[in-house]
Amino acid sequence: MNPMKGATRMSVDTTAEQIEIGARMDALTPNTEHKKLFAYIGAGAMIDAYDIYVAAGVSAALVSTGFAGVHEIAVFMSMTFFGMLLGAATAGFVGDKFGRRMSYQINLAIFAVAGFAAALAPNFEFLVGTRFVMGIGLGAELVLAAAILGEFIPPRSRGRWTAALGILVNSGLLFASAIGALVISNFGWRWMFVIGAVLAVIVWLARRRCPESPRWLVVRGRLSEAQAIVERFEAKSATTLETNPPAPTTATNADESPTTSKRPFWQLAVLGTVLAVGVNMFVYGFISWMPTFFVEQGIDVSHSLAYTTAMALGAPGGGLVCLLLINKLNRRTAIVVFSIIVIPLGLAYAAAQSILMIVVIGILLVTAIYTLVTFVLYSYMPELYPTRFRLRGTGISYTFARGASIVVPFVMSGLFVAFGIFGPIGFVCAMAVCMIAVVVAIPIETRGRSLEEIS
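Under UniProt numbering, think of the first position of the sequence shown as 1, with each following residue one higher.
Worth flagging that the hints you see were computed from the coordinates, not collected in a lab.
From a predicted model like this one, the values you see are computed outputs, not experimental measurements.
For every residue, glycine included, the Cβ atom is placed at its ideal position computed from N, Cα and C.
Incorrect hints may appear among the rest.
Straight line, CA to CA, 20 Å or less: simulated SDA-like cross-link-like pairs of lysine to any residue [to be verified]:
(1) Lys-36 with Lys-97
(2) Lys-97 with Ala-238
(3) Lys-97 with Glu-17
(4) Lys-97 with Thr-15
(5) Lys-35 with Ile-179
(6) Lys-35 with Ala-238
(7) Lys-35 with Arg-207
(8) Lys-36 with Gln-227
(9) Lys-36 with Ser-157
(10) Lys-35 with Arg-24
(11) Lys-35 with Gly-420
Cβ-Cβ distance ranges computed for the label pairs, FRET-style [what the hints assert, rightly or not]:
(12) Ala-235 with Phe-410: 52 to 60 Å
(13) Arg-222 with Phe-422: 52 to 60 Å
(14) Gln-267 with Phe-126: 40 to 48 Å
(15) Pro-122 with Pro-344: 41 to 49 Å
(16) Thr-239 with Pro-122: 34 to 42 Å
(17) Trp-266 with Phe-98: 19 to 27 Å
(18) Arg-232 with Lys-97: 21 to 29 Å
(19) Gly-221 with Glu-125: 27 to 35 Å
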C-alpha cells in the first residue's frame, strides 16, 4: 500500500469534515451558548486590557514618587512588552497544538500569580521582573480572544461580535484610567496590580466551563468531540444547517479578484504584522505615555490622570464607531480611512495650546486610534489566517508587534526629550502612512466570508 495515498485520503476526509463542521457553525443563529462564550472571552480580554493600561498610571506614579525616572520607565514598559512578545509567540503554538482552551487558561494563571507578586515588589528591579512575567500572560490573551470568538460566530454576525469584543477591550483604557485616578492618589500604585490579579482569578475559575473550538478539534482529528459541541450550540439555535443552508459564494469586494483571494502565507503574515505593529505603536507609543507626558510638562499626577481619563472616553467610543460601521464598510476601506483621519488629528493635538483643546482633540484622536485597533486586531487580523495556523499566524503578527513595542518606549522618550510632543505624534503619523501602504499593496478582503472560504 502506498502510504502517500492513505495520507492524501485522510487529508481529503479531514478537509470535508472541517468544511461540514464550519458550515454547521456558520448556519447557527447566535444564542445563549454564544453569549456565555462571549462573556468568558470578554471578561478575560478586558482584564488583560486593564492591566496593559495600568502601566500608564503606574508609570506616572513611579516618576512622581521617585521610585523611578523617565528612562527607567522606558525599561519598565519595554520589559512588559518583552514578556508580551514571548507570550504572543508561545500562545499561538500552544493554542494550535494543544487547544485554544488550554492555552487560554495557562496565560491567565501566569498573569494572576505575577500580578500579586508585582504588588509586593520591594524595589524597581523586582517590579520590572514581575512585570516581564505578567507580560507573558498579557501577550497571550489578546492573541487568543478574537481568534477563538471568530471560530464560533457565523460570518453574518462575526463583525458585530468582534467589534463588541473590541469595545470591551478598549474600555480597559477608561477602566484603568478611572480606577487609577481614584486608587493611585489615595492608596498607591500597588493596589492597581492587586485589583487586576483578583479579577483574573475570578475569571480563571469561571472560564473552566469554556468550550473548545470545534473547528480546532476537527482539524486535530477529534471529530466526535467537535460534533458534540456543535450539537450543544445547535440545540439552542433558531436555525441549523438544514434550515439555513449557506448562500452561494459571491465576491465581497470589487477589488478582490480570484487571483487575490488565495495568497501565500508570507503575504498574510506581512499584512497582519504591519497592521499589528502600527496599532501597537499608536497605543503603546503614544496613549500609554499620555500621563507621563503631562507630568513631565509640570502637571501633577492627579490632574494628569484626570485628563487622561477624559481622553480615554475615546477608547470605547472607537469600538462603538467600529460596531456601527462593521457591516457597512469593508475592512480594508475602514483601515485606510481611519489611518488617514489619525494624521491631521495627531498634528492638531500636538499644536493645541489650552488644556481644553488638548483634551477635546485628544478624545477625537483616541477615538480614531481605537476604531483602527478594533477593526485591525479584533475583526480583520484573526480572519486572515486558516484554522490550522490561525493562532500561529496571529501570534507571529503579535510577536513582531510586541518586539517593536520593546524598542518604542526608548524611541518615544528620546523623541519627547528632543522635540516635545511633536516627536511622538510625528512617529504615530508615519505609522499611519505605513498601514495605508500595506493595505493597498496586499488587497485581501474578509467581510461576510466564512473562515473556510477565506482559508
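Structure-based check of each hint:
The straight-line distance between the Cα atoms of Lys-36 and Lys-97 is roughly 25 Å, outside the 20 Å bound, and the hint therefore fails. Between the alpha carbons of Lys-97 and Ala-238 the distance comes to roughly 33 Å, so the proposed pair goes past 20 Å and is violated. For the given pair, Lys-97 sits about 19 Å from Glu-17 by alpha-carbon distance, which is consistent with the 20 Å threshold. A distance of roughly 18 Å separates the Cα atoms of Lys-97 and Thr-15; the hinted pair therefore holds under the 20 Å criterion.
For the hint pairing Lys-35 with Ile-179, the CA-to-CA distance comes to about 27 Å; that exceeds 20 Å, so the pair is violated. Under the criterion of a C-alpha separation no larger than 20 Å, the hint pairing Lys-35 with Ala-238 is consistent with the structure, at around 14 Å. Between Lys-35 and Arg-207 the alpha-carbon distance is near 13 Å, which keeps this suggested pair within the 20 Å criterion. Restraint check: the Cα-Cα separation between Lys-36 and Gln-227 comes to about 19 Å, which is no more than 20 Å; the hinted pair holds.
The straight-line distance between the Cα atoms of Lys-36 and Ser-157 is roughly 16 Å, inside the 20 Å bound, and the hint therefore holds. For the hint linking Lys-35 to Arg-24, the alpha-carbon distance of about 18 Å falls within 20 Å, and the restraint holds. Under the criterion of a C-alpha separation no larger than 20 Å, the hint pairing Lys-35 with Gly-420 is inconsistent with the structure, at around 46 Å. For the pair Ala-235 and Phe-410, the beta carbons lie near 54 Å from each other, so the given range of 52 to 60 Å is met.
The hinted window of 52 to 60 Å between Arg-222 and Phe-422 holds, with their beta carbons roughly 55 Å apart. A beta carbon spacing of about 43 Å between Gln-267 and Phe-126 agrees with the range 40 to 48 Å that was offered as a hint. Between Pro-122 and Pro-344 the C-beta distance comes to about 47 Å, which sits within the given range of 41 to 49 Å. The hinted window of 34 to 42 Å between Thr-239 and Pro-122 is violated, with their beta carbons roughly 58 Å apart.
At roughly 26 Å, the beta-carbon separation of Trp-266 and Phe-98 lies within the given 19 to 27 Å, and the hint holds. The hinted range of 21 to 29 Å is satisfied by Arg-232 and Lys-97, whose Cβ atoms lie roughly 24 Å apart. A C-beta distance of roughly 47 Å is found between Gly-221 and Glu-125, which places it outside the suggested range of 27 to 35 Å.
Consistency with the previously given hints fails for numbers 1, 2, 5, 11, 16 and 19, ordered from lowest to highest.
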